[in-house]
Amino acid sequence: MNDASPPPQRSPSPARAGLTDAGRAQLPKARTGIEGLDQITVGGLPRGRPTLVCGAAGCGKTLLAMEFLIRGATQFGEPGAYITFEETEAELAQNVRSLGFDVEAMVRDGLLTFDHIRVDRREIEEVGDYDLEGLFLRLGLAIDSIGAKRVVLDTIEALFGGFSNMALLRSELQRLFRWLKDKGVTTVITGERGERTLTRQGLEEYVSDCVILLDHRATEQVSTRRLRVVKYRGTSHGTNEYPFLIDERGISVLPVTSLGLDHQVSSERLATGVPALDAMLGGQGYYRGSSILVSGTAGSGKSTLAAHFVHAACARGERCLYLAFEESRDQIVRNMRSVGIDLVPWLDAGLLRIESSRPTLHGLEMHLAQVHRQVERLDPQLVVIDPISGFANGGLTLDAAAMLLRLIDYLKSRGTTAMLVNLTGGGKDVEATEVGISSLIDTWLVLRDVEATGERNRALYVIKSRGMQHSRQIREFLITSQGIELLDVYVGSRGVRGNDSQPQRTVADLRAGGNRESA
Amino acid sequence: MTMQSSNGQVSHAAHAADAATMPVETETWELRLYTAGQTPKSVLAFNNLKRICEEHMPGRYHIEVIDLVQNPRLAKQDQIVAIPTLVRKLPEPLRKIIGDLSDTERALVGLQLRPRRS
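Protein chains in written order, with this note's numbering: chain Z, 14 to 532; chain E, 18 to 135.
No lab work stands behind these hints: they were computed from the structure.
Bear in mind that the values here come from a model prediction, so they are computed numbers and not experimental data.
There may be inaccurate statements among the hints.
To spell it out: a stretch of chain Z is covered by chain E in this simulated footprint if at least three of its residues, at any positions, have a beta carbon under 8 angstroms from a beta carbon of chain E; those stretches are [to be verified]:
{"id": "1", "stretch": "125 to 133"}
{"id": "2", "stretch": "145 to 151"}
Heads up, simulated DSS-like pairs for lysine-lysine below, C-alpha to C-alpha not over 27 angstroms straight-line [to be verified]:
{"id": "3", "chain 1": "E", "residue 1": "Lys67", "chain 2": "E", "residue 2": "Lys106"}
{"id": "4", "chain 1": "Z", "residue 1": "Lys196", "chain 2": "E", "residue 2": "Lys93"}
{"id": "5", "chain 1": "E", "residue 1": "Lys93", "chain 2": "Z", "residue 2": "Lys194"}
{"id": "6", "chain 1": "E", "residue 1": "Lys106", "chain 2": "E", "residue 2": "Lys93"}
Backbone N, C-alpha and C fix where the C-beta goes; we use that ideal spot for every residue, glycine too.
With the hints as extra help, turn the sequences into a complete structure.
In structure tokens, the structure reads:
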């Protein structure tokens with residue numbers, strides 16, 4: 014009663030659907046469909062070869078393996094066989110149901126097949142010579158029954174607990190990996206992290222093509238998942254540790270985009286939403302796709318300025334993502350309404366999305382990963398991050414800066430305009446804290462309070478704005494019920510400074526402003 | 018003697034005695050030997066098993082040989098990984114012995130016909 018359907022014909026040249034660098038003399042690869050992972054591996058896992066995915070318990074190995082199969086079956090037309098040595102089929106199906114995958118239906122449709130191989134040493138006696146041909150037959154059956162192109166062995170190390178003849182086991186494993194290659198199936202083998210080795214049983218010795226290490230660690234009480242391609246024979250790959258995220262849509266890895274400064278630049282100008290500010294920026298506003306930094310002390314009107322820009326962008330029909338790290342969505346909507354900026358229509362129309370969260374809750378890199386994912390999904394033309402200092406509070410400053418660089422890089426490479434709001438301490442030099450990122454910033458506005466003649470007034474100036482003639486005036490402004498209104502000139506402590514020919518004096522005056530009663 | 022493979026459906030076996038002569042009060046041994054083709058290891062295992070049975074439970078045993086090359090699906094029911102595997106279905110509890118059974122003493126221990134020595 015051999016009702017296993019004959020294995021379908023395999024074409025000698027594997028399909029490389031969707032692989033952008035198919036023309037290059039690269040190894041044939043099998044796309045995982047996992048966000049970010051295909052970018053890091055430049056196209057996916059080595060096709061027809063085994064890949065080792067290792068890491069400590071709970072690091073996401075099983076999920077990665079499962080997603081590899083499911084996406085292979087659903088997105089790339091490659092059925093998959095999941096051989097589990099630990100969890101039962103039912104447990105596995107349960108685990109991925111939360112990701113919205115109906116595994117049972119996929120099994121019914123012949124896209125997936127499961128086999129739970131359980132080896133219990135307590136009920137096995139070893140008497141004389143044996144081999145693991147039973148394992149091969151079961152694997153062969155699973156593969157042939159649905160014409161599987163992808164196989165997962167999770168985790169084959171369980172065999173080491175089941176048999177005492179290590180020499181035999183190792184030679185059988187070697188035979189197994191050869192056999193899998195001969196079968197031409199793309200295989201993911203999971204392995205538990207060892208103390209000094211990548212895997213407890215040294216599986217990395219057998220799998221030489223591609224090794225991916227997953228890690229889940231906590232630094233300063235903030236946990237981060239990271240992924241690293243330890244080895245990928247015959248291909249270039251990213252070698253960094255990449256943060257990854259497990260959420261309701263599965264795994265997404267955050268690739269560090271290498272900007273290479275060859276991104277497309279736009280000469281299109283975007284109104285800032287404040288006409289007088291447009292005038293300061295060469296009369297036309299920001300460049301599309303540029304990175305704009307708005308820094309200032311608390312309460313100086315940074316968010317309001319950002320909201321103006323969002324409002325103007327939405328009015329042009331653009332999609333905006335507003336990442337708020339200090340205020341809730343409703344709070345922002347209410348506050349902006351009080352200054353005459355109504356964001357509700359844009360929210361209703363789906364043009365604006367306000368995502369509120371505290372970076373500290375997730376950890377820095379998770380946070381960046383989430384931002385990344387949100388950007389991928391919404392595909393916005395404008396992203397506002399309010400404030401970027403939220404990142405600095407969430408973790409180490411060095412990490413935060415590096416991360417922010419990545420994010421800005423990423424947005425730039427997408428041609429997405431980025432507005433970064435930064436809160437600077439009152440006592441510090443407003444320009445000092447941004448040193449780390451200033452080189453990436455195209456337009457830099459500073460907002461600050463100026464104390465003079467018994468009043469606190471708000472002032473705004475442009476530190477830099479690449480590629481345009483910009484004003485060097487310090488402009489006083491008001492936040493009225495119609496939003497930000499720039500006054501014609503700044504009235505400084507030593508009188509009216511409206512003369513562009515004396516910018517140094519004006520800045521010096523601003524810095525000194527609070528300390529002098531009068532001239 | 019040569020080993021016979023069943024097709025899995027019918028338990029083809031080497032009956033040493035017919036039901037009439039079988040002692041009623043003694044347990045019948047239900048044994049299943051999983052093989053993968055007629056490999057030397059499998060033939061050896063079968064011959065060793067037959068000899069042990071004849072010696073220790075003549076007329077009270079039933080050996081079913083399952084060739085997984087012909088019926089790989091049957092590997093799942095008894096969780097077979099190693100070949101050859103002998104499964105003692107009866108008397109309970111279920112026992113598994115892997116290997117060619119060339120060490121008779123250990124085979125007897127595995128079948129629980131001998132007490133385990135440390």
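Hint check results:
no.: 1; hint: 125 to 133; in the structure: holds (count 5)
no.: 2; hint: 145 to 151; in the structure: holds (count 6)
no.: 3; hint: Lys67/E / Lys106/E; in the structure: 16 angstroms, holds
no.: 4; hint: Lys196/Z / Lys93/E; in the structure: 21 angstroms, holds
no.: 5; hint: Lys93/E / Lys194/Z; in the structure: 24 angstroms, holds
no.: 6; hint: Lys106/E / Lys93/E; in the structure: 15 angstroms, holds
Checked against the numbered hints above, the structure breaks none of them.
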